[in-house]
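Novice: Each chain, written out:
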Amino acid sequence: MHISEGILSGPVLFSGAALAAAGTAAGLKQLDYDRIAQTGILSAAFFVASLIHVPLGPTSVHLILNGVVGLLLGWGAFPAILVALLLQALFFQFGGLTTLGVNTVVMALPAVICYYLFSPFINKNQTIAIISAYACGFFCVFLSALLVGAALMFTEKNFFEISTMVVAAHLPVMIIEGFITMFCILFLKKVKPSMIVH
Amino acid sequence: MIEEPFASGNSIIHRIDPRFRVAAAILYSFTVALCYQFQPLIVALAVALLSVIFSGVGLKTVFKRLIVVNGFILLFWIVLPLTYKGKILYSLGPVDIYLAGIVFAAKITLKSNAILLILISLIATMTFATLGHTLSRFKMPDKLVFLLMITYRYIFVIAQEYQKIIRSIKIRGFKPKTTLHTYKTFAYVVGMLLIKASERADRVYNAMRCRGFTGKYNSLSDFQINIQSFIFILIMTGFTIGIILLEIQYHG
Amino acid sequence: MDNRQPIIKLSGINFSYSADSSVLNNLDFTFYDNKDRVGFMAPNGSGKTTLFHLIMGLLRPDSGTIEIFGKTMQTEKDFAQIRHRIGLLFQDADDQLFCPTVLEDVAFGPLNMGKSKKEAIDISRRTLNFLGLSDFENRITFKLSGGEKKLVSLATILSMEPEILLLDEPLTGLDTKTQSIIIDVLSKMNMSYIIISHDIEFLKTTTNRICSMKHGKIIVDDEVYVHHHDHAHTLGNVPHKHR
Amino acid sequence: MDNRQPIIKLSGINFSYSADSSVLNNLDFTFYDNKDRVGFMAPNGSGKTTLFHLIMGLLRPDSGTIEIFGKTMQTEKDFAQIRHRIGLLFQDADDQLFCPTVLEDVAFGPLNMGKSKKEAIDISRRTLNFLGLSDFENRITFKLSGGEKKLVSLATILSMEPEILLLDEPLTGLDTKTQSIIIDVLSKMNMSYIIISHDIEFLKTTTNRICSMKHGKIIVDDEVYVHHHDHAHTLGNVPHKHR
Ligand SMILES: Nc1ncnc2c1ncn2[C@@H]1O[C@H](COP(=O)(O)OP(=O)(O)OP(=O)(O)O)[C@@H](O)[C@H]1O
Ligand SMILES: Nc1ncnc2c1ncn2[C@@H]1O[C@H](COP(=O)(O)OP(=O)(O)OP(=O)(O)O)[C@@H](O)[C@H]1O
Ligand SMILES: [Mg+2]
Ligand SMILES: [Mg+2]
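Protein chains in written order, with our numbering: chain H, 1 to 198; chain X, 1001 to 1252; chain G, 2001 to 2243; chain F, 3001 to 3243.
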């Protein structure tokens, strides 16, 4: 989920950058050097996974997976997502330098929120784990869409319709992300439970 | 699946000190992002185009990238003229088309393309290794630079592992459809990828420890400042100031 | 060989991964139905794995034609239609298994072929049984040993009931027990297959013709070379290979 | 062997990855200074890689003592102090090269050892030169071929000027040219090393004793087994191995 260059106003861009810097600093502080290799290579895996397109009726959407990032990395989501977005900007020019902060916040803040909301339940019994993993994937995208909408609204009140459209358009993505997150977390729980931070 | 089409080359821009390029790009991008008048935006786009031409990157590839990016902008062209309340330009029955919406969409388009062209010409023209070193010169935290390097290094390894898993699901007759089975399959692919990544991270960290790594990442980078770099930064600063002056002059 | 139909026919195949070096060079190869059993033995990097991937449509040739089951293959769709009829065992079992449990992985192919869940589970159980892996159903694939992964990989392929098998170094890295299980399975099945292996004794017992590759082409070598190895060294009783 | 000092001494080592299966079982092993050159040849999964990782302190034994350079190793700190004196070449070169460019990767070790930037670059250049890789400095590590990666991995280790080398399957997956470069380098260096390999000829030319592993223990096999292979088959002229 990216906001393109050239749309947002100065105050929104600068607030985004400041929030992203704060989040990244918090994330880095928690990462010892022995977690950096883990975070970096997982960030690489998320980068690759975000290139996967899954079918949705006649079209396809690409995966976002910030719910999984949150559950796996906690506050580490901020630096991991910042790095992944910078790589995307350089490789594909999706987003660029001025929106890097806002886009990082859009993806990473929900990841951290969902980490606090849902990770306590992931290690509970299967039914609770399934529901909370689904909810995590769903809400993470929902919150991201809301943040995109908010960034647009703060830029220009006339962006109201377009903001609502962004949120509405992500509804099917939320449903799919819910399922993908659910199956993915169940997979990890079964195969390598130590990967999910608590 | 992942390429860096612009990184290699030997144009004037490629030879300018990366620190100067990064500084100029950041300054220029934010300045353009804050402009709202047509005059400075048109100049900004022209300067960015010039910069792309000097960087000698393949114009065809640049064009392809622009098409993708302008796809997002298209949404604004469709929605804003109908919703951006203001002076009505034209009424089609019950539907009003607003002039302000069209103006705003046009400005966004100019801005967006100018910023992206600067990104392509000044920053995408350096290898990631160089960018990492440059950022560490700008006092980015060591940990962040290191994270950046590791991520970049392993994207390609992970992408290869991804291709292999995709081959495996292909030979077993998998066809993506809008079904739960499909989503489950992709979730497993992602899960497997994450596990392989995590195991690899353990091995890499072990390799780092074996080579005496204790937490400080030392960078080898050395940059040479040449006269072109100074000329470049002078010119870019000049353009940036010019754009700011234009914005002030035509403001409101 | 006259009454046999070609089921895989490659003609004039050229292939390279990058512009500066070609892997396959005007290669021709024909494989017949009715228990054609071919062994491939060629040095590392001569393009054996590449050849298998071309047959499955995982890679596309730069030029040349591929005919499978009498149909010329051109698009991804053509290949998608025949893939389940050919079972490819990857060189590295780690690349083949991606589901959390063994049963899910073995049932993945049948499910994709439109079988119901119950049918898929039935056939998967039968296949695991046939390979002597009945206890494996709920094991975590990722935690299996190398040999176990190989056998489960074989199960994921057999469960699709393919007509031909392409086996890419099925014995490499396995201990002798697992090796003999695989040899056993091959002899019990009444199928056509192509095997890539560096193990001549294995190919001699399981195939009826052996090909090699050189300069990107297949060479059929029917002469019989007699050669003697005669050496003394320590640890001759430990499995080893000679360069 | 009397005048030689043990520099690595493992006694009574037990190790298991999980509660239900042990990998090393009361293992003893001694390695001497002054050009002790040991080859390890043992089946897959017998614990060779595990043994190397125990020596480097990347894994900790469940019980038993590890003495290196005459000091008993207990804490991470103990190991951290001796790690740069032992060069471990990993089985997978992709794990070993984590910097973006070759020069940075080779200089990584020396820099961590407290060398100045200039010294580190000097020694790295010299090492690359020694391995015939002088042109590689600015190459991007992930774009190297398999063989090139292996050679650069070796360079990253040699640049730390270790006293001992632990080489985990240094030839696996390499073409003959790269193989002979590595064999050459080993013979040119005047060092003690341990090599894991499945290739008996390689071990015979590069080491002066060969060990194997069985049931989690090391077996030193100094008897000389004479055995004859005597067979006739097609394609005897193609490199092959016998089971
Ligand atoms: N994905 C790839 N990208 C680039 N080159 C490749 C790739 N895969 C293989 N190659 C190269 O193509 C050539 C043929 O590879 P291939 O794997 O087909 O050989 P092989 O005969 O199966 O060898 P082996 O016995 O080692 O399995 C080799 O030189 C190899 O380095
Ligand atoms: N990280 C791990 N977690 C659990 N088990 C492991 C792990 N690494 C290895 N093992 C198991 O420990 C045993 C010994 O493995 P090791 O890698 O030391 O063998 P090896 O002799 O090096 O084999 P190879 O010749 O295949 O490299 C094997 O059974 C393996 O499955
Ligand atoms: Mg192969
Ligand atoms: Mg090993």
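In short, the hints are calculated from the structure, not lab data. It cannot be assumed that every hint is accurate.
Said to hold, decoys possible - To be clear about the criterion: a stretch of chain G counts as covered by chain X if any three or more of its residues have a C-beta under 8 Å from a C-beta of chain X, and this derived list gives those stretches:
no., segment
1, 2014–2021
2, 2029–2037
3, 2071–2084
Unchecked claim - Straight-line alpha carbon distances no greater than 25 Å define the calculated BS3-like cross-link-like pairs of lysine-lysine that follow:
no., chain 1, residue 1, chain 2, residue 2
4, G, K2188, G, K2035
5, H, K29, X, K1139
6, G, K2009, X, K1170
Glycine included, each C-beta is placed from N, C-alpha and C at the ideal position.
Novice: Provide an ascending list of the numbers of those earlier hints which the structure does not satisfy.
Specialist: Violated: hints 1, 2.
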